[in-house]
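There are 2 protein chains.
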Amino acid sequence: MTLPTARREITGFSNPTVKFLKSLRDKKHRKREGKFLAEGLRLLTDALESGRVPEMLVMASTRDPHPLLGALVSAVEHAGGEVVETTPDILSKITGKDNPQAVAGVFAEFDTSLAALDRTAAPIWLVAQALRDPGNLGTMLRTGDAIGAGGLILIDDCADPFSVEAVRASMGAVFTQGIARASWDEFLPWLRGGPDEERGQLVAASLREAVPYRGAPYAAPCFVMVGNESRGLPENYEAACDLRVTMPMKGRADSLNAAVAAAVLGYEVLASLDG
Amino acid sequence: MTLPTARREITGFSNPTVKFLKSLRDKKHRKREGKFLAEGLRLLTDALESGRVPEMLVMASTRDPHPLLGALVSAVEHAGGEVVETTPDILSKITGKDNPQAVAGVFAEFDTSLAALDRTAAPIWLVAQALRDPGNLGTMLRTGDAIGAGGLILIDDCADPFSVEAVRASMGAVFTQGIARASWDEFLPWLRGGPDEERGQLVAASLREAVPYRGAPYAAPCFVMVGNESRGLPENYEAACDLRVTMPMKGRADSLNAAVAAAVLGYEVLASLDG
Numbered sequence: 001m002t003l004p005t006a007r008r009e010i011t012g013f014s015n016p017t018v019k020f021l022k023s024l025r026d027k028k029h030r031k032r033e034g035k036f037l038a039e040g041l042r043l044l045t046d047a048l049e050s051g052r053v054p055e056m057l058v059m060a061s062t063r064d065p066h067p068l069l070g071a072l073v074s075a076v077e078h079a080g081g082e083v084v085e086t087t088p089d090i091l092s093k094i095t096g097k098d099n100p101q102a103v104a105g106v107f108a109e110f111d112t113s114l115a116a117l118d119r120t121a122a123p124i125w126l127v128a129q130a131l132r133d134p135g136n137l138g139t140m141l142r143t144g145d146a147i148g149a150g151g152l153i154l155i156d157d158c159a160d161p162f163s164v165e166a167v168r169a170s171m172g173a174v175f176t177q178g179i180a181r182a183s184w185d186e187f188l189p190w191l192r193g194g195p196d197e198e199r200g201q202l203v204a205a206s207l208r209e210a211v212p213y214r215g216a217p218y219a220a221p222c223f224v225m226v227g228n229e230s231r232g233l234p235e236n237y238e239a240a241c242d243l244r245v246t247m248p249m250k251g252r253a254d255s256l257n258a259a260v261a262a263a264v265l266g267y268e269v270l271a272s273l274d275g
Numbered sequence: 001m002t003l004p005t006a007r008r009e010i011t012g013f014s015n016p017t018v019k020f021l022k023s024l025r026d027k028k029h030r031k032r033e034g035k036f037l038a039e040g041l042r043l044l045t046d047a048l049e050s051g052r053v054p055e056m057l058v059m060a061s062t063r064d065p066h067p068l069l070g071a072l073v074s075a076v077e078h079a080g081g082e083v084v085e086t087t088p089d090i091l092s093k094i095t096g097k098d099n100p101q102a103v104a105g106v107f108a109e110f111d112t113s114l115a116a117l118d119r120t121a122a123p124i125w126l127v128a129q130a131l132r133d134p135g136n137l138g139t140m141l142r143t144g145d146a147i148g149a150g151g152l153i154l155i156d157d158c159a160d161p162f163s164v165e166a167v168r169a170s171m172g173a174v175f176t177q178g179i180a181r182a183s184w185d186e187f188l189p190w191l192r193g194g195p196d197e198e199r200g201q202l203v204a205a206s207l208r209e210a211v212p213y214r215g216a217p218y219a220a221p222c223f224v225m226v227g228n229e230s231r232g233l234p235e236n237y238e239a240a241c242d243l244r245v246t247m248p249m250k251g252r253a254d255s256l257n258a259a260v261a262a263a264v265l266g267y268e269v270l271a272s273l274d275g
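Chains as they are written, first to last, in UniProt numbering: chain Z, 1 to 275; chain L, 1 to 275.
Per label pair, the in silico range of CB-to-CB distance:
{"no.": "1", "chain 1": "Z", "residue 1": "R132", "chain 2": "L", "residue 2": "S92", "range": "16 to 22 Å"}
{"no.": "2", "chain 1": "Z", "residue 1": "D118", "chain 2": "L", "residue 2": "S113", "range": "50 to 56 Å"}
{"no.": "3", "chain 1": "L", "residue 1": "S50", "chain 2": "Z", "residue 2": "G12", "range": "50 to 56 Å"}
{"no.": "4", "chain 1": "L", "residue 1": "R231", "chain 2": "Z", "residue 2": "D26", "range": "30 to 36 Å"}
{"no.": "5", "chain 1": "L", "residue 1": "R32", "chain 2": "Z", "residue 2": "K19", "range": "38 to 44 Å"}
{"no.": "6", "chain 1": "Z", "residue 1": "S92", "chain 2": "L", "residue 2": "R32", "range": "27 to 33 Å"}
{"no.": "7", "chain 1": "Z", "residue 1": "G12", "chain 2": "L", "residue 2": "T11", "range": "43 to 49 Å"}
{"no.": "8", "chain 1": "Z", "residue 1": "P88", "chain 2": "L", "residue 2": "R231", "range": "18 to 24 Å"}
{"no.": "9", "chain 1": "Z", "residue 1": "E209", "chain 2": "L", "residue 2": "S14", "range": "50 to 56 Å"}
{"no.": "10", "chain 1": "L", "residue 1": "S113", "chain 2": "Z", "residue 2": "S74", "range": "54 to 60 Å"}
{"no.": "11", "chain 1": "Z", "residue 1": "D26", "chain 2": "L", "residue 2": "P16", "range": "33 to 39 Å"}
{"no.": "12", "chain 1": "Z", "residue 1": "G194", "chain 2": "L", "residue 2": "R199", "range": "51 to 57 Å"}
Note that these hints are calculated values from the structure, not bench results.
As the structure is a prediction and not an experimental result, all values here were calculated from the model.
Note that the Cβ used here is the ideal one computed from N, Cα and C, for glycine as well.
One chain only, chain Z, in its complex shape (with noise of 0.2 Å):
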């Protein structure tokens, strides 16, 4: 990257850096490249505000003037980054979406290890085990966002949460909510190692020796824990938890949606902690 930044124009479809911002969709390139791909202006300014600003800036020809677009630029050249533009056509073909946002920018995938995480940052986290649905992953971080959760931490195999679909769900928390992975091996002693006043408390809900969810005796830095869209959590991981509770289940089914019992028990905990 050299400065002063050209604004280059794209109007090919085979443009190496359209078939560069394509290939961030996949996981595989994302893992290559180390960055992903946001959309929308409201999203990308929500990133700036929270001190990522884009490598890259893609803008559709056909743009509103806007003064946050315009903030954008300033920040993207500024930070000596690339500034490009190209057709609506183009932009959708990008971010794969019908009604393509007028500006898509690239970011640098952050830190994701445990030890990036503060827990004394914050009395409530969430953690998700195996989640497999993008769209879930990312609702758990706009939820995390809005109980004012420390950040989301990722046990096994779970999406990335730098995929379109969990940038868009996360309605821009991917930038603020910090973000870990981590194998159940490697997040339980970290859990419990430190001082006791930064002793983790790990929850889930759970049908077994469960208590009922209100009124239970949350603590901070309380983790808010929940498995996987068809198996729910390993047993073992379950009994691991220093606290189990259940929610209330009137109908035929025995669980809700991942992302729907995060936050039902986020702000059990928030209302709780809070009170």
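Once you have looked at the hints, place chain L on chain Z.
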């Protein structure tokens, strides 16, 4: 349809029945045929136990024998429906899923008029206004089942509750929850009509003149309404509510995912009415 039922075997992708089944993934065709598709042994068993027998049952030739599947086949044959065997590849093409369930069923769409709902049958009802995501809609049905809601009322132009995505996300609740479709101008008089003790209380999450959602004066039958994913509820819809409540938003975002908001609010109403 004639009795006794022949078990047809279909091995060709261009078979008219395959084309018919595949067409049910399309809203236009569902509407014309008045039928929809549901997949999976568990879901079809839920349907059966709720008194919904598929008109046609499609099974993979490679399926494992299962007593629940035997019960399904018997029920369909007894009702004069058709049982079809086909290859996993064709089932995959029909359902649009890479790893299809071993069985799918075709159901007649239900009556979705407001008049078919008995509001005294349950203390809680969910209401969605212009909800566009079929996954959100299915998740609301699933949550409704869990909180003992009577059903889901779809206001204005919502996603189709009989789409494959909504049925899948509902985890069978599409068969157990009441479903009605209405315009706002039909819904409001229906809600306010009838004797005083049956008059519904309309509740929405709102930022305008709202009270905290915890401890708000909920009353049965309580109708919990959420709005469109992007725009939320129209201002005049909010103004017409009996109760506007607000949930804590500790982060940058000012809203939750629609299905998440319905669940957090729905569980709060349940606790309030049960307490």
